[in-house]
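Protein chains in written order, with my numbering: chain X, 169 to 665; chain R, 169 to 665.
Calculated directly from the structure, the hints in this document are not laboratory data. Only a predicted model underlies this, so the values are computations on that prediction, with no experimental measurement involved. Hints may be right or wrong, so weigh each one.
Where chains are identical, the list cannot tell them apart; a pair therefore holds if satisfied intra-copy or between any two copies.
To be verified - With a straight-line Cα cutoff of 20 Å, these simulated SDA-like cross-link-like pairs (lysine to any residue) come out:
| id | residue 1 | residue 2 |
| --- | --- | --- |
| 1 | K228 | L208 |
| 2 | K550 | D462 |
| 3 | K550 | S461 |
| 4 | K239 | E624 |
| 5 | K550 | H236 |
| 6 | K239 | G363 |
| 7 | K550 | V424 |
| 8 | K329 | P571 |
| 9 | K550 | N588 |
| 10 | K550 | S422 |
| 11 | K239 | G399 |
| 12 | K228 | T429 |
| 13 | K285 | E546 |
| 14 | K600 | A548 |
| 15 | K329 | Q626 |
| 16 | K600 | T613 |
| 17 | K550 | D425 |
| 18 | K228 | S628 |
| 19 | K285 | E621 |
| 20 | K372 | S461 |
| 21 | K285 | G485 |
| 22 | K600 | D462 |
Residues per chain, in single letters:
There are 2 protein chains.
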Amino acid sequence: MASSLPTIFYGPILHTLNHHTLQILPRALLAVAGGRIAWLIENVLPSDSGDTIRSAAASKGWHVARLHALKDGEFIIPGFIDTHTHAPQFPNLGRGQDYELLGWLHHITFPTESRFKDLEYARRTYESVVRRTLDCGTTTCCYYATLHEEATNILADVVHKLGQRAFVGKCNMDRESPDHYCEPSAQVSIEATQGTIQHIRGLKPAIPGMNLVHPILTPRFAISCTPELLGSLGELARVDRTLAIQTHISENPSEVDFVRTLFPDCRTYAHVYDAYGLLRENTVLAHGCHLDSDLLDAGADEEAISESEIELILSRGAGLSHCPTSNLNLRSGVARVGEWLDRGLKVSLGTDVSGGYSPSMLDAVRHASFCSKLVAMEHARKENSTLPVANGKPAPLGNRQLPLETLLFLATLGGAEVCNLASEVGNLVPGKSFDALVVSLRPETRNPNVWVEGDELQRSEESLQILLEKFLLCGDDRNIRAVYVAGRLAGGADASI
Amino acid sequence: MASSLPTIFYGPILHTLNHHTLQILPRALLAVAGGRIAWLIENVLPSDSGDTIRSAAASKGWHVARLHALKDGEFIIPGFIDTHTHAPQFPNLGRGQDYELLGWLHHITFPTESRFKDLEYARRTYESVVRRTLDCGTTTCCYYATLHEEATNILADVVHKLGQRAFVGKCNMDRESPDHYCEPSAQVSIEATQGTIQHIRGLKPAIPGMNLVHPILTPRFAISCTPELLGSLGELARVDRTLAIQTHISENPSEVDFVRTLFPDCRTYAHVYDAYGLLRENTVLAHGCHLDSDLLDAGADEEAISESEIELILSRGAGLSHCPTSNLNLRSGVARVGEWLDRGLKVSLGTDVSGGYSPSMLDAVRHASFCSKLVAMEHARKENSTLPVANGKPAPLGNRQLPLETLLFLATLGGAEVCNLASEVGNLVPGKSFDALVVSLRPETRNPNVWVEGDELQRSEESLQILLEKFLLCGDDRNIRAVYVAGRLAGGADASI
């Protein structure tokens with residue numbers, strides 16, 4: 169659909185307002201113009217009358233509009249925001265499940281990434297990567313590319329062409345990497361980074377003023393960056409506060425130990441990034457399984473807590489990308505996401521392909537649920553009790569499984585917050601961009617895991633909540649019929665792009 | 169294909185010989201006649217010559233045969249054996265993820281199961297259930313039905329009609345269940361059980377002498393059966409040693425505690441079943457997350473170990489069904505599968521729908537891998553070391569992640585052992601039934617999680633091992649093109665049944 173033509177959707181909308189509030193609008197009328205949600209009317213009746221809907225639209229001053237009336241079993245949710253994935257690692261999906269992080273990087277990952285000096289391979293691969301993530305419902309994606317400037321630019325071009333919202337970063341890595349896949353100096357790394365920033369900022373948006381592709385500084389992780397390189401990246405960041413930053417933190421115990429030996433003057437892993445000015449409100453930190461792990465067992469005093477990694481990240485306004493599939497697959501650890509949310513951190517989900525074996529945020533949601541349940545089981549074993557739920561207030565999540573609304577939040581609005589884009593995307597509030605999925609659990613989608621019976625197709629709030637739970641736990645790309653980014657159809661099972 | 173017509177498959181075959189040995193046959197010629205694997209020739213060249221293949225067939229005395237030559241990216245594996253699932257719970261797939269076992273039974277499960285007194289609902293539901301499990305590649309399935317005799321018979325009829333190999337059991341439950349869903353007495357329960365046994369044994373096999381559907385005694389779990397009912401079931405089992413038995417064991421800590429109060433004279437949960445003669449070589453025990461949990465923390469002495477649950481189960485020859493999706497989803501626990509295998513137990517996998525949210529054994533495989541990695545992480549945290557691997561001998565699995573061959577074993581041959589059917593199914597050895605899947609990772613299968621590049625399509629053992637890993641971690645029903653049970657096409661994406 170042309171982004172300038174007003175389009176109206178009529179049907180159920182489900183989205184979150186914060187990490188503990190799910191809003192279900194069974195009969196919403198939502199108008200999109202210029203890529204944005206122009207207005208939204210709740211409780212429009214009768215459900216099946218196109219004429220009534222058109223007149224409601226007309227009352228808003230629009231006489232011509234395309235109407236998408238959803239069928240029973242269909243609903244709209246915000247698009248998924250994947251805050252951590254590696255585009256060049258898609259060819260390795262499902263490989264190397266026997267390794268832990270550092271061995272896996274050397275045996276599986278680096279040999280594949282080094283292939284992207286071949287630009288024809290890069291173009292072919294990235295086309296398929298971006299089509300896949302779009303079809304899986306990812307409307308905003310934080311991509312790591314490789315260390316190659318030109319191949320990174322190609323990824324940005326592909327994202328731009330296919331209409332996804334994304335952050336695209338060239339990896340910075342000038343040490344502790346194999347000879348065939350390591351940058352020769354900090355200076356070379358910085359110049360290439362400046363090249364990709366310039367390239368991405370030169371892309372002309374389809375809707376004037378609405379840039380979908382953003383550059384992002386991407387120091388791979390503290391291990392692979394010399395202090396000189398980190399310092400130069402910090403300087404780039406300092407002179408341009410709009411530049412986003414992404415990196416890895418506290419994924420694996422051996423990695424954390426190695427960082428400690430490389431940066432003996434820094435109190436913690438988080439303090440390394442902070443020392444170089446890389447921890448701020450638009451920084452995306454992936455993993456965090458072992459943040460403050462030294463404080464967990466000891467009876468930490470208030471001073472220790474006030475100087476902890478989590479408090480540092482919180483004070484800088486940086487956000488975390490929880491990557492549960494990867495964390496379980498590479499035996500990295502189980503992140504304490506509920507506690508992060510309780511303490512006010514910005515938290516989101518990442519697929520972390522190919523440490524994670526799935527590009528689908530639905531798998532990230534399921535495995536985030538698993539991880540929270542593992543934390544809850546560990547707590548129950550230690551305490552032999554379950555936490556009471558406070559009246560009225562959001563129940564603390566630190567020691568229990570994440571409920572449905574929190575899982576949806578992490579995959580959508582939480583991602584927007586971590587990307588510092590919450591005023592733009594993450595839920596379906598008027599004024600935001602229309603980044604959304606039309607989900608269908610109807611039988612013709614032919615996913616054998618999804619079972620919906622007739623009485624669940626009524627558009628009551630209760631039925632819709634059941635459909636949402638079934639979609640998050642059992643759905644796949646076949647249930648994502650249309651994927652809109654800034655109002656434009658960009659993917660999904662019914663898209664013919 | 170008619171089961172009497174010899175059919176020949178040419179292509180790669182991957183299967184296991186035991187829990188630590190994967191056999192890869194890149195160019196196998198396999199003949200099926202009368203539902204069985206008549207012969208298998210390895211290393212047949214040239215790969216693309218139908219004439220050569222036909223003449224090899226002719227040399228075995230067959231002049232007319234249908235030939236299935238697999239394409240690049242396709243291979244054959246044994247059919248999956250799901251040793252624990254609940255057919256009437258499929259309508260609840262993906263529901264109730266906030267509950268633990270006992271609350272989940274009362275709020276989600278029992279209300280749904282009680283609907284199966286409606287036989288029209290039962291027929292409609294079970295048709296869809298069995299088609300789905302077949303399309304997911306399950307060639308042998310251990311089904312729990314409901315407590316209803318007639319609906320259980322309908323499930324057996326549907327399984328029989330659709331050509332799946334299965335055990336079908338009417339649930340026995342005469343206490344600790346809701347009024348609307350509880351049998352009135354042990355006697356009524358036993359009579360209905362005898363009715364279903366008679367019904368199933370009266371089904372006429374498509375291939376004479378090859379019965380695919382078997383009855384199975386199904387005391388739901390110790391909690392829901394009075395001692396009188398367990399005693400009567402034990403008596404049925406005693407007079408007919410061919411009768412298989414399935415039940416639940418040590419799934420959840422609250423369940424284990426409750427069993428202890430109901431059977432104060434029995435040393436452990438396993439001893440309850442043993443006391444009633446229900447623990448033997450054709451018993452399938454689901455879950456076992458907390459088997460011998462009292463011995464884990466204490467420094468158990470030899471006497472305690474010799475009287476442990478695992479030793480009892482081992483001595484009786486019973487087998488376990490590990491249900492990792494369910495165990496994580498219902499916060500039940502993490503089973504110690506590697507240790508079970510090291511100690512010689514028969515172990516298999518179950519989807520446990522709908523405690524598990526997926527009917528696919530591929531999800532069971534992935535989550536079994538997760539669970540083993542959680543055990544490995546816990547061990548590494550405690551010991552701060554990894555286990556040495558013994559030279560030549562199979563490496564002990566107790567404290568490490570399950571390797572690829574073990575994961576495939578659990579989903580196939582391990583299941584056959586637990587079902588006491590290892591002489592009939594589980595791998596592709598001449599003489600066994602041809603229960604097998606044609607798997608394809610070719611791009612036209614359109615699964616966005618599966619990525620295969622040109623050089624991985626070579627039929628080397630190394631490439632095939634990569635394809636197998638990608639299939640187990642990233643594949644879904646779209647990659648299962650044909651499902652054969654006893655040589656008959658019974659499901660899969662290319663089947664038109």
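To see whether the hints hold, each was checked on the structure:
no., hint, in the structure
1, K228 to L208, "within (11 Å within a copy, 73 Å between copies)"
2, K550 to D462, "both (18 Å within a copy, 15 Å between copies)"
3, K550 to S461, "both (17 Å within a copy, 14 Å between copies)"
4, K239 to E624, "within (13 Å within a copy, 42 Å between copies)"
5, K550 to H236, "neither (52 Å within a copy, 57 Å between copies)"
6, K239 to G363, "neither (47 Å within a copy, 44 Å between copies)"
7, K550 to V424, "between (26 Å within a copy, 17 Å between copies)"
8, K329 to P571, "neither (37 Å within a copy, 41 Å between copies)"
9, K550 to N588, "neither (37 Å within a copy, 39 Å between copies)"
10, K550 to S422, "between (26 Å within a copy, 15 Å between copies)"
11, K239 to G399, "neither (55 Å within a copy, 53 Å between copies)"
12, K228 to T429, "neither (63 Å within a copy, 67 Å between copies)"
13, K285 to E546, "neither (46 Å within a copy, 40 Å between copies)"
14, K600 to A548, "neither (41 Å within a copy, 47 Å between copies)"
15, K329 to Q626, "neither (39 Å within a copy, 33 Å between copies)"
16, K600 to T613, "neither (29 Å within a copy, 36 Å between copies)"
17, K550 to D425, "between (27 Å within a copy, 17 Å between copies)"
18, K228 to S628, "neither (27 Å within a copy, 65 Å between copies)"
19, K285 to E621, "between (51 Å within a copy, 17 Å between copies)"
20, K372 to S461, "neither (45 Å within a copy, 62 Å between copies)"
21, K285 to G485, "neither (36 Å within a copy, 57 Å between copies)"
22, K600 to D462, "neither (41 Å within a copy, 55 Å between copies)"
Consistency with the previously given hints fails for numbers 5, 6, 8, 9, 11, 12, 13, 14, 15, 16, 18, 20, 21, 22, ordered from lowest to highest.
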